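If you read the protein sequences in the order shown, they are chains A and B.
At position 9 of the first sequence (counting the first as 1) the number is 9 in the UniProt record's numbering, and the numbers step up by one without a gap.
At position 4 of the second sequence (counting the first as 1) the number is 4 in the UniProt record's numbering, and the numbers step up by one without a gap.
Be aware that a few hints might be false.
According to the in silico footprint, chain A covers these stretches of chain B (three or more CB under 8 angstroms from chain A) [as the list claims (entries may be wrong)]: (1) 77-86; (2) 174-183; (3) 213-221; (4) 226-236; (5) 335-346.
The list that follows gives simulated cross-link-like pairs (lysine to aspartate or glutamate, DMTMM-like), each with its CA atoms no further than 25 angstroms apart [as the list claims (entries may be wrong)]: (6) 49(A) - 337(B); (7) 52(B) - 289(B); (8) 223(B) - 187(A); (9) 133(A) - 163(B); (10) 133(A) - 251(B).
Worth flagging that the hints you see were computed from the coordinates, not collected in a lab.
For clarity, every value in this text was computed on a predicted model and none was experimentally measured.
Beta carbons: idealized from backbone N, C-alpha and C, even for Gly.
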Amino acid sequence: MSSTATTRPNGLALFILPSALLFALFFFLPIGLMALMSVLTGNPVVMPKVAFTTRHYARMIGDPYYLEVIWTTIRIGLVTTLVALLIGYPLAHWMARIKSRTGHALLLMAVLAPMLTGIVVRTFAWMTLLSDKGVINETLLAFGLISQPLKLMYSETGIVVGLVHIYVPFMVLTLTGVIGRIDERLEQAAENLGASPLRAFIEVTLPLSLPGILAGSLLVFALAISAYVTPILLGGFQIMTLPILIYQQISANFNVGFAAALGIVLLMISLLLVVAYNRALGLVSGQRELQ
Amino acid sequence: MMKALGSLSRRRFLTASASLGIGTIAAPCVARADDPTLRITGWGGKWGDIMKAEIGPAFESEFKCKLQTDSAFPYLPKLQASSRSAPIYDVLHTNSNEQWAAAEMGLVEPKIDPKLVPNLADVYPYAISDKIVGVSIFTSAIGLGLRTDKGYGAITSWKELWDAKYNGVRGGYVIPVNSLGQAFLMMCGTLFGKGQTDLDAAYTALEKLKPIKIVDFTGAMEKMLLSGEVGLCVIHDSGIYRYDGQNQPTDFVSPSEGVLSLEQVLTITPGSKMKELANAYVNYMLRPEVQKRLAETVWYSPANKKVKLDAKYDAKLLTTPEKVSKLIQVDWKWYNERKDEIDQRVNRIFRA
Numbered sequence: 001m002s003s004t005a006t007t008r009p010n011g012l013a014l015f016i017l018p019s020a021l022l023f024a025l026f027f028f029l030p031i032g033l034m035a036l037m038s039v040l041t042g043n044p045v046v047m048p049k050v051a052f053t054t055r056h057y058a059r060m061i062g063d064p065y066y067l068e069v070i071w072t073t074i075r076i077g078l079v080t081t082l083v084a085l086l087i088g089y090p091l092a093h094w095m096a097r098i099k100s101r102t103g104h105a106l107l108l109m110a111v112l113a114p115m116l117t118g119i120v121v122r123t124f125a126w127m128t129l130l131s132d133k134g135v136i137n138e139t140l141l142a143f144g145l146i147s148q149p150l151k152l153m154y155s156e157t158g159i160v161v162g163l164v165h166i167y168v169p170f171m172v173l174t175l176t177g178v179i180g181r182i183d184e185r186l187e188q189a190a191e192n193l194g195a196s197p198l199r200a201f202i203e204v205t206l207p208l209s210l211p212g213i214l215a216g217s218l219l220v221f222a223l224a225i226s227a228y229v230t231p232i233l234l235g236g237f238q239i240m241t242l243p244i245l246i247y248q249q250i251s252a253n254f255n256v257g258f259a260a261a262l263g264i265v266l267l268m269i270s271l272l273l274v275v276a277y278n279r280a281l282g283l284v285s286g287q288r289e290l291q
Numbered sequence: 001m002m003k004a005l006g007s008l009s010r011r012r013f014l015t016a017s018a019s020l021g022i023g024t025i026a027a028p029c030v031a032r033a034d035d036p037t038l039r040i041t042g043w044g045g046k047w048g049d050i051m052k053a054e055i056g057p058a059f060e061s062e063f064k065c066k067l068q069t070d071s072a073f074p075y076l077p078k079l080q081a082s083s084r085s086a087p088i089y090d091v092l093h094t095n096s097n098e099q100w101a102a103a104e105m106g107l108v109e110p111k112i113d114p115k116l117v118p119n120l121a122d123v124y125p126y127a128i129s130d131k132i133v134g135v136s137i138f139t140s141a142i143g144l145g146l147r148t149d150k151g152y153g154a155i156t157s158w159k160e161l162w163d164a165k166y167n168g169v170r171g172g173y174v175i176p177v178n179s180l181g182q183a184f185l186m187m188c189g190t191l192f193g194k195g196q197t198d199l200d201a202a203y204t205a206l207e208k209l210k211p212i213k214i215v216d217f218t219g220a221m222e223k224m225l226l227s228g229e230v231g232l233c234v235i236h237d238s239g240i241y242r243y244d245g246q247n248q249p250t251d252f253v254s255p256s257e258g259v260l261s262l263e264q265v266l267t268i269t270p271g272s273k274m275k276e277l278a279n280a281y282v283n284y285m286l287r288p289e290v291q292k293r294l295a296e297t298v299w300y301s302p303a304n305k306k307v308k309l310d311a312k313y314d315a316k317l318l319t320t321p322e323k324v325s326k327l328i329q330v331d332w333k334w335y336n337e338r339k340d341e342i343d344q345r346v347n348r349i350f351r352a
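Just chain A, with the same shape it has in the complex (with noise of 0.2 angstroms):
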């Protein structure tokens, strides 16, 4: 009788197994094969011999300028994260905290708005305002407040603002989410019992948000590391990030395998920064691990 009861098909089992499938076919599947075309000579699919190798991880690891572009992509990478949380908090407090309904859907629309026009469509309306002939230096040359144009776009600079714009719509939401839920009764009692409102907000409302702030960093952390059209558009070319590379390597130099292994580092970067962020802000909050 009991032994009946273990072999019968658990219904929640058989209900996510659909999903499970698709999961599988469309993440575990790819990023395998991903794995699997970084450690050989060539593609199977169309070559008949080809072997095992390490040569596009040692490539990597031997030549100082990849590991520089890796450096470059997680600069950039936690540059924007850092910018999008300092721009981005704000917002959500208020955001969450607003009474007005109105007022709380006039700033979800804003927040929103930009997210309705193409990320191509938005990195060029950056370059219109930030190139050499843009609306910036065009206008602070007109009023003879500079000489020559800054340098506003081709460098990390013009990518980060780009990214920002793009990605801080995403830590706004995560975080109004949280912060929403947090019990404002719990920053009324810190100040009750005599802490100024910045002290309050320090000591209970940002640590109870820091699940938010670590969900919207790894977010935003992540698009930006993987973001292509914008590091090329405002870095004009000149500032190679780790998706320009594998593209390049793709598209112009038919080499699989070293895209490939040069995608595995990027996954594994961002494996070990979620790791990571983690247990910092475990420790930070006073919890072993952040769930």
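Chain A is already provided as a structure; the job is to place chain B on it using the hints.
Chain B in isolation, oriented as in the chain A frame:
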């Protein structure tokens, strides 16, 4: 009886409706099912417009087939990933550098059979020379693009691109991904070293070109030049001439050291199941009337020496043996063998 009839009618109605719906959706596919399909690659922009509006439909009508054009770059990785026996394209249209890479990987046939493509007999020698895989159906001259409203004066040499007065308004290409950039690198070797293959001289020259604004394709360079972001740049003649009649303050300069050749090349894939049709397409694209129409629309120089262009086009494009003899063709086989190391080096040179 009435009830049965009613039930039957409802069922019939539903069946008929479903059949009609499916039929409507499937009709275009069914109608085309008997037509053979030739899968080709092609450019967008004006090239794509004229191909879609006139040249392609005329071919389809004459050869009772469908042309399926992929204009979403990059083509070669897609061909590389598809099966050799059932390739994604029957005819590959791209520039010479990629054609050489494709030929080296065995993805395209290195030569076109003159017996199957009679119009090959009428092309200029450069179009089927040993520097070309397949056949070049058109070519453009890579030279310099100039803003005429900035008072730069007359430009005659490639070397003027290095003049300090163009700092900040100098334009070039992303060498790893663009044919013009790669051809220009070889020209740097000729200008400042022992020849096209003098890479050290080329690298030194590229270092001295900074600051430079670099783009990945000609369309972007055209916009930079038109907006005044760049004043002097590497570009091909079509990128300037296609704005003919629009009163743009731009001009094309053919430097005294010669212009580089940017070929539009057609090749056939070995695994194509449409070989006959593929050869017919190559032959069709070399027909004088097709060449004339395309040349006068996109400002590419025709490869067929029998083509007679209208005076305005004839004056600017490469339409005589004397003019085409000035074309400098690049040894892409040599270049591709070193492409990886060249890319690594130039990526370092142009980093901010």
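Hint by hint, where does the structure go against what was stated? Just the numbers, ascending.
8
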